[in-house]
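Q: Chain residues, written in single-letter form:
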Amino acid sequence: MTKKGFLPALPALVLLFAFFLFPVVRMLGFSLEGGSLDWYAKALGEELYLRVFWNTFEIALLVTFFCLLLGYPLGFLMATTTPLWATVGFIFVLLPLWTSVLVRTYAWMVLLGRNGVFNRTLIDAGIISDPIPLLHNFTGVMIGMVHVLLPYMVLPVYGAVRRLDPAIVAAAEGLGASSWRIFWRIYLPLTLNGIFAGAVIVFVLSLGFFITPALLGGGRVIMIAVLIEQQVRETLNWPFAAALSAVLLAATFAVYALAQRFTRTEPAA
Amino acid sequence: MSRRLLVLACGLIYLFLMLPLLVVFPISLSSAPYMQFPPPGFSWQWYERYLDDPQWIDATWRSLYIGVSTAALALALGVPLAFSLVRAKFFGRVLVERLALAPVIVPTIILSVAVYGIFAKLKLIGAWYGLVLAHTVLALPFVVLVMVAGLRDFDRALEQAAEGLGASRWRTLTRITLPLLRPSLVSAGLLAFISSFDEVVVALFLAGANMTLPKKMFDNILMEIDPTIAAVSVIQILLVSLVLILIGRFGRGLSGSAR
Numbered sequence: 001m002t003k004k005g006f007l008p009a010l011p012a013l014v015l016l017f018a019f020f021l022f023p024v025v026r027m028l029g030f031s032l033e034g035g036s037l038d039w040y041a042k043a044l045g046e047e048l049y050l051r052v053f054w055n056t057f058e059i060a061l062l063v064t065f066f067c068l069l070l071g072y073p074l075g076f077l078m079a080t081t082t083p084l085w086a087t088v089g090f091i092f093v094l095l096p097l098w099t100s101v102l103v104r105t106y107a108w109m110v111l112l113g114r115n116g117v118f119n120r121t122l123i124d125a126g127i128i129s130d131p132i133p134l135l136h137n138f139t140g141v142m143i144g145m146v147h148v149l150l151p152y153m154v155l156p157v158y159g160a161v162r163r164l165d166p167a168i169v170a171a172a173e174g175l176g177a178s179s180w181r182i183f184w185r186i187y188l189p190l191t192l193n194g195i196f197a198g199a200v201i202v203f204v205l206s207l208g209f210f211i212t213p214a215l216l217g218g219g220r221v222i223m224i225a226v227l228i229e230q231q232v233r234e235t236l237n238w239p240f241a242a243a244l245s246a247v248l249l250a251a252t253f254a255v256y257a258l259a260q261r262f263t264r265t266e267p268a269a
Numbered sequence: 270m271s272r273r274l275l276v277l278a279c280g281l282i283y284l285f286l287m288l289p290l291l292v293v294f295p296i297s298l299s300s301a302p303y304m305q306f307p308p309p310g311f312s313w314q315w316y317e318r319y320l321d322d323p324q325w326i327d328a329t330w331r332s333l334y335i336g337v338s339t340a341a342l343a344l345a346l347g348v349p350l351a352f353s354l355v356r357a358k359f360f361g362r363v364l365v366e367r368l369a370l371a372p373v374i375v376p377t378i379i380l381s382v383a384v385y386g387i388f389a390k391l392k393l394i395g396a397w398y399g400l401v402l403a404h405t406v407l408a409l410p411f412v413v414l415v416m417v418a419g420l421r422d423f424d425r426a427l428e429q430a431a432e433g434l435g436a437s438r439w440r441t442l443t444r445i446t447l448p449l450l451r452p453s454l455v456s457a458g459l460l461a462f463i464s465s466f467d468e469v470v471v472a473l474f475l476a477g478a479n480m481t482l483p484k485k486m487f488d489n490i491l492m493e494i495d496p497t498i499a500a501v502s503v504i505q506i507l508l509v510s511l512v513l514i515l516i517g518r519f520g521r522g523l524s525g526s527a528r
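Just so you know, the protein sequences line up as chains A and B, in that order.
Mapping of the first sequence onto the working numbering: position 182 corresponds to residue 182, and the numbering continues sequentially without gaps.
So the working numbering is basically just the index in the second sequence, starting at one, shifted up by 269.
Careful, some of the hints might be misleading.
Stated by the list, open to error - Listed next, the in silico DMTMM-like pairs over lysine to aspartate or glutamate satisfying Cα-Cα at most 25 angstroms (straight line):
#1 390(B) to 229(A)
#2 358(B) to 424(B)
#3 392(B) to 58(A)
#4 358(B) to 58(A)
#5 42(A) to 58(A)
#6 358(B) to 229(A)
#7 392(B) to 432(B)
#8 392(B) to 321(B)
#9 358(B) to 422(B)
#10 390(B) to 58(A)
#11 358(B) to 428(B)
#12 358(B) to 432(B)
#13 392(B) to 33(A)
#14 42(A) to 229(A)
#15 42(A) to 165(A)
To be verified - Computed footprint of chain A on chain B, listed as stretches where at least three residues anywhere in the stretch have a Cβ under 8 angstroms from a Cβ of chain A:
#16 325-331
#17 422-435
#18 445-459
Since the hints were derived computationally from the structure, they do not count as laboratory data.
Just so it is clear, the structure is predicted and the values come from calculations on it, not from any experiment.
Ideal Cβ placement from N, Cα and C applies to all residues, glycine included.
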């Protein structure tokens with residue numbers, strides 16, 4: 001089975017080469033058009049485009065922060081509750097995860113719009129008199145992205161808390177530690193791996209986000225993926241789109257490689 | 270005390286997660302001619318409009334058969350690949366695994382633009398099988414992850430017993446190995462289907478004039494917020510719920526499959 005064992009992998013590899021590796025490498029090659037680095041100089045030199053990169057990083061960092069803030073309690077609760085409640089919790093996390101991003105984006109437009117559910121409710125209740133701008137801006141993009149990416153944080157945290165030996169917690173309780181102390185001194189340090197794994201996934205996925213900023217940003221929040229799409233579809237500037245893609249890809253891999261150096265070889269469950 | 274606080278906070282977070290899914294139900298049943306909340310009355314008009322519009326129905330059928338074809342192709346390629354990764358030792362095994370999982374990490378916009386460049390040359394824009402090929406690249410990681418997990422837990426003594434009793438390699442595979450892996454196969458296939466059925470970014474570039482359901486939704490959301498989308502959304506949410514129920518009933522560990 002040792003030599004022949006490679007054969008079953010071959011058809012999948014052919015597909016991956018033909019429709020993934022080759023097209024991506026070929027396109028990235030466009031960025032070096034004429035053997036110069038001019039397109040990279042434009043992408044990383046001009047203030048307009050630098051700001052897009054900076055925006056993307058800022059949004060990705062904030063999204064990761066909020067996903068952590070909301071995802072840790074959820075994963076923690078699911079891992080420490082009864083099996084029945086854990087199942088219910090899973091359904092509420094997985095149903096949104098597998099629902100089309102478009103459905104969710106549309107729903108947020110309905111909820112956050114000028115005449116949306118939130119603004120209507122607040123105005124009718126007399127709390128505000130003018131609608132708060134929640135859509136087609138930074139806030140809208142943040143809400144939409146955190147919603148899409150939250151499950152990717154919850155699941156690794158859940159796995160990490162589940163792997164923790166309950167005897168340690170029982171011992172601490174037996175010795176009279178308060179629940180806050182148990183959390184800070186036991187749960188948090190021993191689940192850092194899960195937190196880290198979730199944060200890396202969320203951050204990396206945020207960097208390449210397209211649909212949510214394109215629809216909820218209303219043209220005012222330009223992330224790098226949106227810029228790449230514009231360059232290809234509107235200005236047909238392939239070399240520049242390729243250079244932007246190369247930078248995005250390099251950033252993605254760099255974050256990933258860095259993360260792998262800091263975690264043990266144990267795979268992120 | 271602090272536990273109660275945690276439960277309360279999590280209740281709010283669950284509300285945040287579920288609210289967008291819940292809000293489309295009342296809107297899809299609204300009698301108002303445009304988006305209005307709360308709905309002034311009840312009507313089926315948006316569902317009727319969806320069912321009566323050949324464009325929507327066309328897009329739905331196209332997404333369905335592209336999704337089914339993607340699931341079939343992803344299983345046909347991904348299952349043997351998972352067998353190789355778990356059971357064989359060959360040079361570059363780790364590299365092959367990384368390559369198969371890479372489509373999750375590489376931003377979809379890059380894949381879309383790159384494949385668009387190739388397909389434009391090959392005149393494959395708008396061809397349904399072109400979308401199937403690109404969607405299979407994206408679905409392959411799900412199949413590989415689920416199948417690798419399934420194969421790692423597999424008790425090989427059962428295969429050895431069958432072979433010891435004189436069963437051929439092929440007979441062992443079809444009568445013992447694959448039936449025992451059925452839960453993993455079900456999960457992998459359904460996840461591959463859903464990943465294609467919901468996919469927008471690749472479809473935006475490759476579908477051309479032949480709309481898939483997500484592409485049609487994207488265009489409609491850009492143009493105007495018409496409650497027909499709410500009706501379509503409800504149908505999609507129900508379909509995903511059905512798939513998740515099927516995975517829960519016949520598939521292998523939901524939590525594992527979502528990694």
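Q: Taking beta carbons only, do three or more residues of the stretch 445-459 of chain B come closer than 8 angstroms to chain A?
A: violated (count 0)
Q: Under the criterion that the straight-line Cα-Cα distance not exceed 25 angstroms, is the pair residue 358(B), residue 422(B) satisfied?
A: 18 angstroms, holds
Q: Regarding the pair residue 392(B) and residue 432(B), is the alpha-carbon distance no greater than 25 angstroms?
A: 49 angstroms, violated
Q: Need the status of pair residue 42(A), residue 165(A): alpha-carbon distance at most 25 angstroms?
A: Status violated; Cα separation ~53 angstroms.
Q: Check whether the Cα positions of residue 42(A) and residue 229(A) lie no farther apart than 25 angstroms.
A: Distance ~17 angstroms between residue 42(A) and residue 229(A) Cα, so the pair holds.
Q: For a C-alpha distance cap of 25 angstroms, please report whether residue 392(B) and residue 58(A) respect it.
A: Roughly 39 angstroms between the alpha carbons, so the hint for residue 392(B) and residue 58(A) is violated.
Q: Using a Cβ cutoff of 8 angstroms, are there at least 3 residues of the stretch 325-331 of chain B near chain A, or does the coverage claim fail?
A: With 0 residues in contact (Cβ-Cβ under 8 angstroms with chain A), the coverage given for the stretch 325-331 of chain B is violated.
Q: Is the Cα-Cα distance between residue 358(B) and residue 432(B) 25 angstroms or less?
A: Given that 25 angstroms is the threshold and the Cα spacing comes to 21 angstroms, the pair holds.
Q: Residue 392(B) and residue 33(A): Cα distance at most 25 angstroms?
A: Answer holds: residue 392(B) to residue 33(A) is near 24 angstroms, not above 25 angstroms.
Q: Keeping to a limit of 25 angstroms between CA atoms, is the pair of residue 42(A) and residue 58(A) held or broken?
A: Within the cut-off at roughly 21 angstroms; holds.
Q: Given the hinted pair residue 358(B) and residue 229(A), is their Cα-Cα distance within 25 angstroms?
A: 41 angstroms, violated
Q: Taking only the CA atoms, is the gap from residue 358(B) to residue 428(B) under or equal to 25 angstroms?
A: 19 angstroms, holds
Taken one by one, the earlier hints fail for this structure at numbers 3, 4, 6, 7, 8, 10, 15, 16, 17, 18, listed in ascending order.
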